[in-house]
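K.L.:
One letter stands for each residue in the lines below.
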Amino acid sequence: MTEVAVHAPPRRLRRTHPLAVRIMHWTNAVSMIIMIGSGWKIYNDEVLFGWLHFPDAITIGGEAQGALQWHFLGMWIFTLNLLCYVIYGLVTGRFWRKLLPVWPHQIIADTRAALRFKLSHEDITKYNAVQRALYIGIILVLIVQVISGLAIWKPVQFQELTALFYDFQGARLAHFVCMALIVGFLVVHVALALFVPKTIGAMITGGPEVDDGRQPQRASGE
Amino acid sequence: MSIRTPSPSVFRPQRRIDQSVLDENRKLIKQIDRRKILRGTLSLGALTMLTGCDVTDRSAVQSVLRAVSEWNDGVQAFLFNPNKLAPTYTEAQVLRPPRYNAYYEIDEVKPVDVASWKLELSGLIDDKRPWTAQQIYELPEQELIVRHICVEGWDYIGQWSGPNLKQFLQRVGADLTAKYVMFRSADDYSGSIDMATALHPQTILATKYAKESITDPFGFPLRLRTSTKLGFKNPKWITSIEVTNTYPGGYWEDRGFNWHSGL
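Chains as they are written, first to last, in this note's numbering: chain R, 1 to 222; chain P, 1 to 263.
In isolation and in its complexed conformation, chain R is listed as follows:
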């Protein structure tokens, strides 16, 4: 027993992306595709911009009612998954560990490095400042997307939410802008993942083990 006591408390190693994160990531990916594809079909019935119609071939649901049914199925998967993710990120400290700190000078420096193809991708267990900023940004956009969605769905029951976007059409516009930001993020995210393919593997298998600085739950006393 004394022999054990003199050892430093063993650090607990974890995967870069724990199983819970991987499940939530891919659940989110599927739900996003459902929401975007069906949302485009719903948008087509009353466009915000005369020049923009989404071709039916890239929409989900067939008719308007089918698209609405998909959208109101996807909303549960997307929203509950996002809720789990945010709670997980806050409770486990993953958000603070992986996404902070993120200082403007770091973002600028890393953006410069990235544009000169000098940004290192050796260690995929740590996000660079550009990644951190983008991930923080997209999480916030997803949250606004849920709020604007609720404001469109329930402009009487949740009229206070609708008022945040000025009015019903304001909420529709915000919902559209957030969709565009999400699609933009998706394009960059997928392109960069393909550029550094081991990141895709890591999001499937978990990636390298990391010491996340947390003590094991049953650490022995000093």
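Careful, some of the hints might be misleading.
Unchecked claim - EDC-like, lysine to aspartate or glutamate: derived pairs with alpha carbons at most 20 Å apart:
id, chain 1, residue 1, chain 2, residue 2
1, R, K154, P, E152
2, R, K154, P, E105
3, R, K154, P, D155
4, R, K154, P, D73
These aren't lab readings, by the way, just hints derived from the structure by calculation.
Following the hints, position chain P against chain R.
P.N.:
For chain P alone, coordinates are given in the frame of chain R:
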């Protein structure tokens, strides 16, 4: 360093387990987990074969979508606060004339002949005598300046007046504990709403728009105007009202649009 984990046995002397064994055998533990996951995925695949469930089956997907839509009806009924009023607006914001919408174009509207028009009552209603337009005009009027929101995404502010639906239902002795109120229209359109919405203070049988008699394309002589439902839940050219506990559906509802469609 041994990689064998002592088998857990009640016959083993009880003592504190050395936690370091977990770290030493981390790789082995991982492998076991991976096997389990692999086995799990295989059995999941086998399970789908056993039940003959084909996820690409169109009707299976359809029935899931319908089931979720029905679940959403329940969620919306739960979210519906009978005392929450829809925002109201000023007369200056009212759109004149209102925006037309039906399942056919405006030039195909068949005007209702008010002389022969009657409002029929059926179902769980004590006094089922039909109403003439004149009788309805004599009822106390309520005015609403509320936002009309279409399921397609457009909206406008409209000024509607006519008898309050709750008061009308009380007057004819309707069973206010029934589940549904069904409206049928002169153009074969129909739609039903939940009783909670029918009794909402901002639900009226509209006879006027912007203080003038509703014109033909917008439902003359009588249409429903709820403030807490999407536009298609407000049938125009109403010819009958039925109070029932049997789910009555409706024109668009039967074609896959969400039944509750509350705002």
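K.L.:
Now look at each hint and say whether the structure bears it out.
P.N.:
Tested hints:
1. Of the supplied pair hints, the one linking K154 of chain R and E152 of chain P holds, its CA atoms being roughly 15 Å apart against a limit of 20 Å.
2. For the suggested pair K154 of chain R and E105 of chain P, the alpha carbons sit about 29 Å apart, so the restraint of at most 20 Å is broken.
3. With a CA separation close to 14 Å, the supplied pair K154 of chain R and D155 of chain P stays within the 20 Å bound.
4. Taking the CA atoms of K154 of chain R and D73 of chain P, the gap is near 13 Å; set against the 20 Å cutoff, the hint holds.
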